[in-house]
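J.: All chains should be built: construct the whole structure from the sequences, respecting the hints.
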Amino acid sequence: MSEAGSSDGYDEMSCSQEDTSDPEEEIFDSEPIRQQTQTFTVLDASECLALAQKEVDEVRELLCCSEEVASILMRQFRWNREKLTEEYLCDADKVLKRAGIHQGENLEIVHADGAVAVGGTSQPRGSLPDVQCLICYETSADYSALGCGHQFCNTCYTTFLAHKITDEGYNCVFATCPKPECSLVVSERLVHSLALPADKRAIFDKARRIERSYVDDNPNLKWCTAAGCGNAIRAPKGHLGVKCSCGQRFCFKCNDEDHAPCSCEELAKWMVKCRDDSETYNWLMSNTKACPKCATSIEKNGGCNHMTCKNSSCKFEFCWVCLGPWRIHRAGSYYSCNRYDPEKEKENPEAKKKDSSRAALERYLHYYTRFTNHHNSLKFEVEARAKMEEKIKEMEKQGDKTWIDCTYLKDANEALYECRYALQYTYVYAFYLPQGGNFRTHFEMNQTELEQQTEQLSEMLEKDVSEIHRAEVVHCFTMAKTRLTNLLELVAVRGSGSATDTSGGAGSSSDP
Amino acid sequence: MSASGAFPAAAGTSSSKAGAPAPAASGQSVNKRLQSELMSLMMGGDAGISAFPDGDNIFQWTGTITGGAGTVYEGLTFKLSLKFPTGYPYEAPAVTFNPPSCFHPNVDQYGNICLDILKEKWSAVYNVRTILLSIQSLLGDPNLDSPLNGHAASLWPNQADFKKALLKHKSSLPSGERRP
Ligand SMILES: [Zn+2]
Ligand SMILES: [Zn+2]
Ligand SMILES: [Zn+2]
Ligand SMILES: [Zn+2]
Ligand SMILES: [Zn+2]
Ligand SMILES: [Zn+2]
Ligand SMILES: [Zn+2]
Ligand SMILES: [Zn+2]
Ligand SMILES: [Zn+2]
Ligand SMILES: [Zn+2]
Ligand SMILES: [Zn+2]
Ligand SMILES: [Zn+2]
Chain H
1 MSEAGSSDGY DEMSCSQEDT SDPEEEIFDS EPIRQQTQTF TVLDASECLA LAQKEVDEVR
61 ELLCCSEEVA SILMRQFRWN REKLTEEYLC DADKVLKRAG IHQGENLEIV HADGAVAVGG
121 TSQPRGSLPD VQCLICYETS ADYSALGCGH QFCNTCYTTF LAHKITDEGY NCVFATCPKP
181 ECSLVVSERL VHSLALPADK RAIFDKARRI ERSYVDDNPN LKWCTAAGCG NAIRAPKGHL
241 GVKCSCGQRF CFKCNDEDHA PCSCEELAKW MVKCRDDSET YNWLMSNTKA CPKCATSIEK
301 NGGCNHMTCK NSSCKFEFCW VCLGPWRIHR AGSYYSCNRY DPEKEKENPE AKKKDSSRAA
361 LERYLHYYTR FTNHHNSLKF EVEARAKMEE KIKEMEKQGD KTWIDCTYLK DANEALYECR
421 YALQYTYVYA FYLPQGGNFR THFEMNQTEL EQQTEQLSEM LEKDVSEIHR AEVVHCFTMA
481 KTRLTNLLEL VAVRGSGSAT DTSGGAGSSS DP
Chain R
1 MSASGAFPAA AGTSSSKAGA PAPAASGQSV NKRLQSELMS LMMGGDAGIS AFPDGDNIFQ
61 WTGTITGGAG TVYEGLTFKL SLKFPTGYPY EAPAVTFNPP SCFHPNVDQY GNICLDILKE
121 KWSAVYNVRT ILLSIQSLLG DPNLDSPLNG HAASLWPNQA DFKKALLKHK SSLPSGERRP
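For the protein sequence lines, the chains are H and R, in the order given. Note that UniProt numbering has the first sequence beginning at 1, numbered continuously upward. Note that UniProt numbering has the second sequence beginning at 1, numbered continuously upward.
Some hints could be false.
Straight-line alpha carbon distances no greater than 25 Å define the calculated SDA-like cross-link-like pairs of lysine to any residue that follow [to be verified]: (1) H:LYS179 - R:TRP122; (2) H:LYS179 - R:GLU37; (3) R:LYS121 - H:SER183; (4) R:LYS32 - H:VAL131; (5) H:LYS206 - R:GLU91.
Hints were generated in silico from the structure; no laboratory data involved. Just so it is clear, the structure is predicted and the values come from calculations on it, not from any experiment.
T.: In structure tokens form, the structure reads like this:
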């Protein structure tokens, strides 16, 4: 399959795209949903450690050095084993010196268990002669040194390390002796002998872990961005959307949230734009709007955009996005609240008066409202999933369905989430898409189809348990997934440059 | 990179550990170190360099350097501003020519200096004295590989032309270098 669209991970469709056959019949002839061959894999922390350990072991044998030296060298050479062995065989001393590994007489001074070890020999604490610290200029007998013997008082050494850890994060593993020109790398023994705050020491320890640097330095590996997850993802460099086994989705390229079908650059531009304009459009983020007919306050408590006024004497049905009557959205069987039509705007007598900057703002507003709407709906979709679990239990209690039979509802919710998730970014993509052209027409057609199917699915899943029909739901979410795949593939084809009807790249439209 | 979030807050440290830092006193220790530097600078009597705090603010100094003998800068004096962060000396001070009157390959039009020891090669062992001596030596021995002032770098090989441009540049600045 094509790579650039990063539709990987989405299930391949077995369902026909024609939406005419009877769903009750179709469920029996549809093939089981297959998992597509993924171009990314999830590795847990122990798998990462095993990979890193294997590299270290090979270097240790190859260079006949200790495991610690092999780890330091690999970290220093950013896990480029070939480069390391080549340079090491050429001039081992030079490589060791540059990596900050001590050679020659051991002049280390470290404190441990009430004693002080000088060059590995333990002495009682306080037995050292006074020296002047090169950092604070105070004279004291309480100091430490690495193997090089460059002494600094313990207070200064501790503050020095605390700054390195805070200011440089995981790069603190490369911290060297404070003495200028001394390349000796700070040892774990020294760090552990000093009274660093526990959180700082923990960062240093994490920084030293070989799998941490192995993953951080490998362009084909990335840590899952979910807090506390600890898994890593392996994917080709430049790959976009990935999904961890913990459920976290993120962009492999920019580490931001998964933003298919739009590119990292478009997302970054969009985020800046949204920040700049956010004040004006804060109201759009709210979950409450007034009914366009009777002004009753309507709270959106479901992901679906089809709203019905709760005022029993009104019951006006409208679209949450544009506040227009719902029936016009159904005209021609399309849910069509996705297209920004400048011609239609012109017909509006109010719009004629507005200047071009206002028009640019409105164009942005059009895409922004739709982006935000899907974005906010996602939150409800998550809540809906929890409700769904309850529903499944309810259905189980009814006795005629087993848990296995009901798992299709979980699949349906997952599909709904995936579709809505991608839909928000289709509006960012469309915003930066040049006006006019065949591609835009194709894209918007696919977007409409996906949006319509997604709303239909959302509505279906909002129903009472007794009204949910398995075949209908399966048909609906299978269709939604097909449409998502179609849309992502369309974008991928354009991205790979094989589309002939694209004039100008994404983002070449004038930025309002 | 933010790695701290995932870890528990600092717990009490074992008594066998050495050198418990006193965070509350860190401002005090910076102050102490700067006072001590000031003393040794006044006692030291290095040729062509001097520095003194601006008024009561110990974190803001004005330094003066005179071009070394045998260089195009010989006899010319330049003023520098030194701003010390609270993390000093673990973090480098911000040092700029102020006024930006120094025409030099490694100094930009705002007086910013491209010198490794003020950036990635900074060490807590360096101090005001070593900074001023390094800048003084940079004047006569510029790094022409990555100049901030390309014009100055291109003139450098012809020292006579360079001197002309240097003097012209210095006199064009209204504040000049006259001593108070
Ligand atoms: Zn079907
Ligand atoms: Zn000290
Ligand atoms: Zn710092
Ligand atoms: Zn050293
Ligand atoms: Zn540890
Ligand atoms: Zn994860
Ligand atoms: Zn990205
Ligand atoms: Zn109403
Ligand atoms: Zn609805
Ligand atoms: Zn609508
Ligand atoms: Zn609409
Ligand atoms: Zn530079």
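J.: Give a verdict on every hint.
T.: Structure-based check of each hint:
no.	hint	result
1	H:LYS179 - R:TRP122	10 Å, holds
2	H:LYS179 - R:GLU37	18 Å, holds
3	R:LYS121 - H:SER183	11 Å, holds
4	R:LYS32 - H:VAL131	18 Å, holds
5	H:LYS206 - R:GLU91	24 Å, holds
Checked against the numbered hints listed earlier, the structure breaks none of them; every hint is satisfied.
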